[in-house]
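Novice: Chains as they are written, first to last, in this note's numbering: chain A, 74 to 303; chain B, 74 to 303; chain C, 74 to 303.
Worth double-checking, as some hints may not be accurate.
As the list claims (entries may be wrong) - 35 Å max Cα-Cα, derived DSBU-like pairs, lysine-lysine: (1) C:K242 to B:K128; (2) C:K285 to B:K170; (3) B:K82 to A:K302; (4) C:K112 to B:K103; (5) C:K265 to C:K285; (6) B:K103 to B:K82; (7) B:K269 to A:K82; (8) C:K294 to B:K128; (9) C:K265 to A:K302.
Said to hold, decoys possible - Partial chain A-side listing against chain B, Cβ under 10 Å, derived: (10) M74; (11) N78; (12) H81; (13) F126; (14) C184; (15) P198; (16) Q254; (17) H296.
No lab work stands behind these hints: they were computed from the structure. None of the values given here were measured: they were computed from a predicted structure. Ideal Cβ placement from N, Cα and C applies to all residues, glycine included.
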Amino acid sequence: MAMMNALHKDLVKDPDDTELRCIVLSAEGKIWSAGHNLKELQANDSAYRNEVFQKITDIILDIQKLPVPVISKVNGMAAAAGCQLVASCDIIVASDKSTFSTPGASVGVFCNTPGVAIGRVMSRPKSAYMLMTGLPITSQEAYVAGLVTKVVAEKDLDHTIDEITRAIKSKSRAVISLGKQFYYEQLNLPLKDAYKCGQSKMMENLELDDCKEGLTSFIEKRHPVWKHKA
Amino acid sequence: MAMMNALHKDLVKDPDDTELRCIVLSAEGKIWSAGHNLKELQANDSAYRNEVFQKITDIILDIQKLPVPVISKVNGMAAAAGCQLVASCDIIVASDKSTFSTPGASVGVFCNTPGVAIGRVMSRPKSAYMLMTGLPITSQEAYVAGLVTKVVAEKDLDHTIDEITRAIKSKSRAVISLGKQFYYEQLNLPLKDAYKCGQSKMMENLELDDCKEGLTSFIEKRHPVWKHKA
Amino acid sequence: MAMMNALHKDLVKDPDDTELRCIVLSAEGKIWSAGHNLKELQANDSAYRNEVFQKITDIILDIQKLPVPVISKVNGMAAAAGCQLVASCDIIVASDKSTFSTPGASVGVFCNTPGVAIGRVMSRPKSAYMLMTGLPITSQEAYVAGLVTKVVAEKDLDHTIDEITRAIKSKSRAVISLGKQFYYEQLNLPLKDAYKCGQSKMMENLELDDCKEGLTSFIEKRHPVWKHKA
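Based on the provided sequences and hints, a complete structural model is requested.
Specialist: What follows is the structure in structure tokens.
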């Protein structure tokens, strides 16, 4: 719980700081943990247990609400709530030696909440396999299934993350923030409503100072100078 | 119709038998059929036709309701309602020589109901292609598109199925059953509701005797002894 | 705007013409454009801008409503609204040298509406990557992610398109039309409702003259002679 609290606090520390342009989550060592502890789950009462699951939900919902992209960097094993956390980031990059699994049922706790995350990025026959068998899948399988954005050799992992963060940092924070917020909003809408809403969002985007600067600099064939503020 | 009735009866025979831990569906021979018969569809009246389509729907909805995982093993051709049935199982394993198609439009019957199944596991451009052209796709294409969990050489098919069923059988039936039921429930919910519901489901899971045994055996570093009962 | 108007007019010119059996969209040259023009967006007032986004939405919604399959053929670069238009066709075929991107944020305009299209065919971690970084993906990546139906060598592109259009043209237009309409309808329904609706659609399909001809010709082992009319 201490670890989840620390992670949550760091994630939402200062979302309006314009110096903050993207967040990269990674594990210390080879095992990606979200902070769940089976001993704690076994020993403690139901109020405590509920708090554990509420905390990881809060973290995940806040990742979507953050005004900057959140990237997970996986180089090892992402299991159970660790896999859920990885799958809940905007962008996921994994080394080719990494594995992903939801093995909770092996100790009697079905990965119900991790299934909410992986069931939304992978096809049903693949996520059901992970949940019901508990068997791990490789990075390459995770890539094909849609869980992972990119798989690279371990030695190229940092370089790939750099490339992604550089691309994000070269853009206006205000524009990315507006876009990220709408992206998640529209995914839950029927197609026609999503487009209607998207058109309003485009009008809103075109009124941003950084959009005016972007279009002007494009036409004037120079680099834009962003304010990063809405 | 006789074949569909037999299949349905076998599937739901005794769902509460704790000896039943998973179900593997496979074809006799190389062609996977769900029992639809074009001659019957042509010859018979609309009440009969309606019964045919109601029956396959009942089978498919019952596959999701079953308390144990249902695996389809494909080694040959899965076409039309056969492809629909395959795609409606929890886990799908295919040999590398298998093909998948929804060619109904070639004989004037668009694969409307098979499209419900494949449109939910594959991306739109791929399932629309299958439905509108009737052309078959390979196992490898089906794997990339998300229709198939795993593709293996024909000689490894039984071994792979064994590995999956062993993994399922090593777990508590009560835990898998609770998890499978929630997995399908949450897929239809918005993210926030899915997590809210998932937290309750976790609390319910932690109260199962087999969960208490699972956590205790994990901490005591011994194999769990499951009761398999809720 | 002139280009979008011309495209829209051509698309919906005569949807009931039974000679029209499918539509192939492709770019002149190597860049796929939907007709958006950054200079126009910068220079013009908000009524005009709104018209631009309304027009592309109308085109896309009409592609789904058309009674015949719409195929996009990509041989080069599909970016921003061009990528949106490509992703909104029923079937997408790309040469192996093609790329796909949604780089709008680089000039201050987040690809909000293209995100509606690509977010519905690709997994979230892949479409979020495209939208937030603006970086291009290859045909092969687009294929794995579900954006593209088939990737082929440039020299095989026309042949592949021919194979697809021949398969469509060998079928009854009335059957394909009924099937396409239901396919998009059911994707928005919960599973149970989709099947209920699918059964009614099957009954409707079986009453079509071309369905009766299809089943009869199948049983008589001869080629069907379609009327193509509902």
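Novice: Does each hint fit the structure? Answer for all of them.
Specialist: A quick look at each hint next to the structure:
no.	hint	result
1	C:K242 to B:K128	holds, 32 Å
2	C:K285 to B:K170	holds, 33 Å
3	B:K82 to A:K302	violated, 64 Å
4	C:K112 to B:K103	violated, 59 Å
5	C:K265 to C:K285	holds, 28 Å
6	B:K103 to B:K82	holds, 23 Å
7	B:K269 to A:K82	holds, 21 Å
8	C:K294 to B:K128	holds, 28 Å
9	C:K265 to A:K302	violated, 46 Å
10	M74	violated, 15 Å
11	N78	violated, 17 Å
12	H81	violated, 15 Å
13	F126	holds, 4 Å
14	C184	holds, 7 Å
15	P198	holds, 4 Å
16	Q254	violated, 14 Å
17	H296	violated, 37 Å
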